[in-house]
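Chemist: Given next are the chains, with one letter for each unit.
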Amino acid sequence: MTTKTIEELKKIYRRSVKRKVLIILSLFSAIIITMLVSVSIGAGSPRFTEAMQVIFSKLLPSLNLDPGSATTQIIVWNLRLPRVIMAIAAGAGLAASGATMQGVLRNPLVSSYILGVSAAAGFGAALATVFKIGIIISYGKYLIITNAFAFSMLAMLMVYGIARIRGITTETVILAGVAVGYLFSALLSLIQYVAPQHEAVRAIVFWLMGGLHASTWEAAIIVSPIVLLTVILMMQQSWNINITSMGEDVALSLGVNPRHVLVITMVLESLATASIIAFTGVIGFVCLISPHISRMLIGTDHRYLIPCSAIMGGLLLLCSDTVGRVILMPAEVPVGIITSLLGVPFFLYILLSKRRRIWQ
Amino acid sequence: MKDKTILTIAILAIIAIAAVVYIINTMETKPEGVSRETGLTETTIALIDGVGRNITVQLPVNRIVTLNSGITELLYALGAGDKVIGRDANSIFPSQVKAKPVVASSSYDPNVELLLELHPDLVLADDMLFYNQEALSKLEEAKIPVVIDNPTNITRIKPLITNLGRILQAKDKAEEIIAFIEQYEKTIRERVDQIGYRPLVYIEWWAPWQSFAKGSAGNEIIFNAGGLNIAAEIRDPAPVLSPEFVVEKNPDIIIRMAPSEARGNLTAINAVRNEILNRPELQVTKAVKTGKVYIYDPVLFEGLRYPVGLLYWAKCFHPELFADMNPEAIHSQLVKKYFGCELEGVYFYPPP
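Protein chains in written order, with the numbering used here: chain A, 1 to 360; chain B, 1 to 352.
Any given hint might turn out to be false.
[What the hints assert, rightly or not] List time: in silico DSS-like cross-link candidates among lysine-lysine, alpha-carbon distance up to 25 angstroms:
# : chain 1 : residue 1 : chain 2 : residue 2
1 : B       : K173      : A       : K58
2 : B       : K337      : B       : K186
3 : B       : K289      : A       : K58
4 : B       : K186      : B       : K249
5 : B       : K83       : B       : K186
6 : B       : K286      : B       : K249
Think of the hints as simulated: they come from the structure by calculation, not from any bench.
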């Protein structure tokens, strides 16, 4: 074994940091390019030039650009752009949550839905769809959204409460999450089974499939800042997550309480996931696979892994949604189907081509 | 050796019993005075149902279980309401039927035990039962004839009424109802054919952007009523459309099915209509600009009410052509004539 001087080690470290930053930057550029492509294609006729004219005329009115017809403006500005932003925000939030939870719970099968959040959100939405029962508000178009959000947070509190009784460890949180998840799935199935109207059942199935077709500026403006904030706060925890992933004893000896880290990240990931799926329905897979792809590309240091997963998730969901919008034009294919169809081959390619073993 | 003898006797005994059972069975299934070749008498009819099954029904039929609201209405219209002995939960019109026991929530999930206890001569269901093969085969094992048809499929309405007319021995009444339907179909077709113009129609089913396209009943009815469906060329019968496609097609008229909880209730129907009128992306369309957004109750396209639904749409697409015809009045007459009651509630809003 050759010994290296401190200088040499620093050089190796700097080189690896440079490589990681480069990967993140190139993923970021890929997102920008995909955004430009995505606003330029669709069932409507506006293409790149028209799309750019509309966007720049709205962003910079002083340029006095011709924004095109009212129809073009609506297609680009009200339909495509909020959807693109929503895809990136949702993908980023779900993937960052997945990366964080996988790290904190030291388990590769964990996704951001591990705390029973998706089943609870589905139950809340179904309650609103079928029985018009809301727990925050009781009518109107926000009924489903607020219900889905409230029940997701409730699921998280239940998991926290159950886990607290036995002491908050990774095992109790995962098992309590699975149990709460099953409870809400059973309640959801019960509603679907007893629902008096067939179309309400169809509406629930549609909601559970998830999708970005309902993205509006309103949704994008609510979800994007929440995702941005929670991802930043998750990144702030990344040192602590790195340390807890070495084991409880190591963490405690370094002055980090793994339970505090677990509780903080649980709250952050539930907040992000709940606000996203309240608007989009349950979009699976991105939150499981993006962290894995990112880990293979960039390693397990959460300071880089969390932002990399976020960008990867945004990219994956945006690509999938764009493909879903155009593949059967003018009909649309739910994003969940495309995410898996595109994501699985990509994931397998990286899995088979990389030599590195991440989970020992 | 002894074992072998016992075995041989046992096998012979089984064969003998089977032979006796077979002979008794064949004797029972051969009614007197019936030729063995066809197996039919005047009291037995053979028909083909809506899913292509060959069914033999023993007449007269006096005990009927109906598992579809449209079929229930047809039974009453054909004067066979008193023969209904069981129903599904959706069959609530005419109001007399509510007194009959419920044996299913829909055709998909009949409670076979409850149904068998009623000893029906005939079960009528829509094609959802076809997807519940277990229940269907249990009914067939019990030798109860099951006729499956779909009164919401416009190509099946007339054959279904003909079949019911034969089963209920009410041919004249069946022909009268078919003539009533054909009369309106003919009038609407003739008037629409006169002018070449067909307005562009966007139809929304049970969720935003969920539409009807090629191969769906909705698509065909739009054409028959003199409109042109914006999704007519899409091969998926019930696609979720891209909103930008709808916006760019710029429909002249938008029609939306009333969700079941809103049916008959004007406030709820108005809320559904306002949601569409206020959808930001639809603001540029002619339909929203001119307020031509209509909500319809799908019951208008079931069974004998089909001409009413067709006329509502035709009048909404071509108000000038049908100024002399009032779909609501026709609907009201129909309900009075066939069900003996007054028309209540809202079925189409706003009136064209």
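Chemist: Next step is simple, just say for each hint if it's right about the structure.
Modeler: Hints and how they fare:
1. B/K173 x A/K58: violated, 66 angstroms
2. B/K337 x B/K186: holds, 21 angstroms
3. B/K289 x A/K58: Holds - the C-alpha atoms of A/K58 and B/K289 are around 23 angstroms apart, at most 25 angstroms.
4. B/K186 x B/K249: Violated, at about 30 angstroms.
5. B/K83 x B/K186: violated, 33 angstroms
6. B/K286 x B/K249: Holds - the C-alpha atoms of B/K249 and B/K286 are around 10 angstroms apart, at most 25 angstroms.
Hints 1, 4 and 5 from the list above are not met by this structure, while the remaining hints are.
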